[in-house]
Amino acid sequence: VKPNSVQENSLYANDIRSSVLDGEYYSMRMRARRLFAGRSFRTLVAVYGVLVILLVSSLLLSQSADPWTLVKTVVGLATFTAIVAFGQYLVVLTGGLDLSIPSVMTLAGVMLTGISLGSNELAAIAIPIVLTIGGLVGLVNGLGIRFLRIAPVVMTLGVNVILSGVVLVYTGGTPSGVSPPFLTQLVQGNSVGGIPNIILILFVFVTVAVLFVSRTSFGRQLFAVGGNRRVAYLSGIHVTRVSLLVYVLSGITAAMGGIFLVGYSGQSYLTLGDPYLLLSLAAVVLGGVSISGGRGLYAGVVGGALILIAISTLLAGTALPQSARQIVYALVIIVAVLGARQKVED
Amino acid sequence: MSIVTVDYSERRPSRLLGIFFQRLSLTGTIGPVIVLALIALVYVIARPHSANLDGFNTLLNAAAAVGLAAAGVSIIAIAGGFDFSVGSALAVVNVVVATQISASMSSQIIMIPVGLLVGATVGFVNGLLVTRLRIPSIVATLATSFFWGGIALLVLSQPGGSVPPEFVSWFTGNLGGFIPGALVLLLLVIGFWVVFKRTRSGRALYAVGGDPSSARANGVNVKRTLMLAYTLGGLLYGLSGLFLTATTASGDPNLGGPLLLSIFAAVAIGGVRFGGGRGDMVGGIIGALILYMISDILFSLGVNSFYTNIFNGAFLLVAVGASSLSGFIRLPRWLGKRTRGGLSIRGSNSVGGVL
Numbered sequence: 001v002k003p004n005s006v007q008e009n010s011l012y013a014n015d016i017r018s019s020v021l022d023g024e025y026y027s028m029r030m031r032a033r034r035l036f037a038g039r040s041f042r043t044l045v046a047v048y049g050v051l052v053i054l055l056v057s058s059l060l061l062s063q064s065a066d067p068w069t070l071v072k073t074v075v076g077l078a079t080f081t082a083i084v085a086f087g088q089y090l091v092v093l094t095g096g097l098d099l100s101i102p103s104v105m106t107l108a109g110v111m112l113t114g115i116s117l118g119s120n121e122l123a124a125i126a127i128p129i130v131l132t133i134g135g136l137v138g139l140v141n142g143l144g145i146r147f148l149r150i151a152p153v154v155m156t157l158g159v160n161v162i163l164s165g166v167v168l169v170y171t172g173g174t175p176s177g178v179s180p181p182f183l184t185q186l187v188q189g190n191s192v193g194g195i196p197n198i199i200l201i202l203f204v205f206v207t208v209a210v211l212f213v214s215r216t217s218f219g220r221q222l223f224a225v226g227g228n229r230r231v232a233y234l235s236g237i238h239v240t241r242v243s244l245l246v247y248v249l250s251g252i253t254a255a256m257g258g259i260f261l262v263g264y265s266g267q268s269y270l271t272l273g274d275p276y277l278l279l280s281l282a283a284v285v286l287g288g289v290s291i292s293g294g295r296g297l298y299a300g301v302v303g304g305a306l307i308l309i310a311i312s313t314l315l316a317g318t319a320l321p322q323s324a325r326q327i328v329y330a331l332v333i334i335v336a337v338l339g340a341r342q343k344v345e346d
Numbered sequence: 001m002s003i004v005t006v007d008y009s010e011r012r013p014s015r016l017l018g019i020f021f022q023r024l025s026l027t028g029t030i031g032p033v034i035v036l037a038l039i040a041l042v043y044v045i046a047r048p049h050s051a052n053l054d055g056f057n058t059l060l061n062a063a064a065a066v067g068l069a070a071a072g073v074s075i076i077a078i079a080g081g082f083d084f085s086v087g088s089a090l091a092v093v094n095v096v097v098a099t100q101i102s103a104s105m106s107s108q109i110i111m112i113p114v115g116l117l118v119g120a121t122v123g124f125v126n127g128l129l130v131t132r133l134r135i136p137s138i139v140a141t142l143a144t145s146f147f148w149g150g151i152a153l154l155v156l157s158q159p160g161g162s163v164p165p166e167f168v169s170w171f172t173g174n175l176g177g178f179i180p181g182a183l184v185l186l187l188l189v190i191g192f193w194v195v196f197k198r199t200r201s202g203r204a205l206y207a208v209g210g211d212p213s214s215a216r217a218n219g220v221n222v223k224r225t226l227m228l229a230y231t232l233g234g235l236l237y238g239l240s241g242l243f244l245t246a247t248t249a250s251g252d253p254n255l256g257g258p259l260l261l262s263i264f265a266a267v268a269i270g271g272v273r274f275g276g277g278r279g280d281m282v283g284g285i286i287g288a289l290i291l292y293m294i295s296d297i298l299f300s301l302g303v304n305s306f307y308t309n310i311f312n313g314a315f316l317l318v319a320v321g322a323s324s325l326s327g328f329i330r331l332p333r334w335l336g337k338r339t340r341g342g343l344s345i346r347g348s349n350s351v352g353g354v355l
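Keeping their order, the protein sequence lines are chains A and B.
Final position of the first sequence in my numbering is 346; the numbers increase by one with none missing.
Final position of the second sequence in my numbering is 355; the numbers increase by one with none missing.
Watch out, some of these pointers could steer you wrong.
Covered stretches of chain B, going by a simulated chain A footprint (3 or more residues, C-beta under 8 Å) [unchecked claim]:
| no. | segment |
| --- | --- |
| 1 | 151-161 |
| 2 | 273-280 |
| 3 | 300-309 |
The hints are simulated quantities; they were obtained by calculation from the structure and are not laboratory data.
All C-beta atoms, glycine included, are put in the ideal place defined by N, C-alpha and C.
From just these sequences and the hints, can you work out the full model?
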């Protein structure tokens, strides 16, 4: 156990005792005090502060764009990263790593178009199938890590390599079919008041995810397992079930990301998921989640995803070449990690 | 821990062979070596027409670049680190060499140290981030993988550039007409490693990977050891990048991405444990050879190349899963960890016995 995580563990252990064993909850005041005084809250302020600065500077740099268009673009594009990064976040929170996300996304994409072939009726069958397959892939990851004792990096990497082969075999090298019309409409359309559907999707997803992590006993168990596996086990937490479930959920969110990406681009392609290996991890890191587990908020991860997209939007509006985007990504990640650590040392 | 003290008083060949296998067994390289031997047997049976010098040369040329990069990752993994930036490092070496090289002999010769220097710089920066700024290696190398990927795109925005034929033949040709250049290169690297592993720094690498705080308590300079691991790893990326440039004979800023997962797979198949302290640099090279042999065997069996990744991935998981379960299996005495009589083995699990 690292010394600086002991205090937080005892905090979560209290939470778990009260919520899991007694079924009691903290009073609202206690909750509020814990939220605003916590290190995680300060990280959130920093993440969203940086985001606002990025958005304002890209507005200033490109005189023509109005704020609403910019927000629509950034939030819309960040949705895919934010959804996929939720799975990565859960896995990282429990001390693992999921490198199988890109292939799960691509497989979900090509299977969706391959089964539905552009029809809404078939999509009603295809989407549950695709989500189930995502969950099953996650289950395989979890089983290998938990019972064969393969390191998470190696297990999910191996599964990723296998699935990239499965994608090739399934498609024969060229994905068939197009996005079902309702999905295209869902992702690309606008709802009442001109708010793009994609932003509503992100809003609903983030709300459900945040409630899931902060208000359910499973969410609290995540922090306990990530903070200290042994203490969690001794506190009566089913550690195996938690570690399996995070990978299953990561598989499902990766499949969801693949489905939405198909809706966004209107078709599927073999490199659909490739950027999201590093993007999902970068969003988790930028969001102030500890890579060794047990610490971090999903709201921060969403902020991280938004920052990544805001940077590329900002740079797209300037004369800088695309290569500058990656260099800026790198510097932002390093500065963010250093900034997060400074606060810990206060 | 791989450090073994052996009583050489009995010098019967069978005993020495036993010692050799025990050393392999302790580093976790015994499995990969046996698998390599079996796969090589299948390779010869499945492709009798390739079981000659030309076939061997082709195989080595294909596997050497991934093998050298995997060797670099292995060194870092043994010291307990992780490196996402290897793909970008290869790309940056590749584009620098492909754009700067000219037909003159002097420029071709200069490009070799330049490539090595670029690779070592990537590793050195990773080392600085991990040791000085104390950023977890996964995060630090994730950031540098973006950074060097961006630099590679700055140097060469689209695939292009060309490499003179002499440069290509230095790496891919046959020395004296029959010894493959790739083999010489790999043997040089392995020779260096065999010596390095027995030095104080080499032992420190395993000590730091096994348990940094015990290593520190035993007087190991952890930061310097990690810097050394990342820089040596980077140097091997440089070598791998040079080799890759020679085999592709052009520059491509995006060539690293697809190789990243193969390199990690080679490291894992080679018996190197991500997390540190166990494995051997040679394992990375063996892992790469195994991967390329499998894909060649599948090809000659007429299996659609689409299935190659499925086999490679499944093979990776079976190999790693089997080795992690092997703790439950009693190995024969000449392979096993516990022995009686003329051999004594110390420090198989504790760092205390290392120094």
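We went through each hint and held it up to the structure:
no.	hint	in the structure
1	151-161	holds (count 5)
2	273-280	holds (count 3)
3	300-309	holds (count 5)
Hint check: no violations occur; every hint is consistent with the structure.
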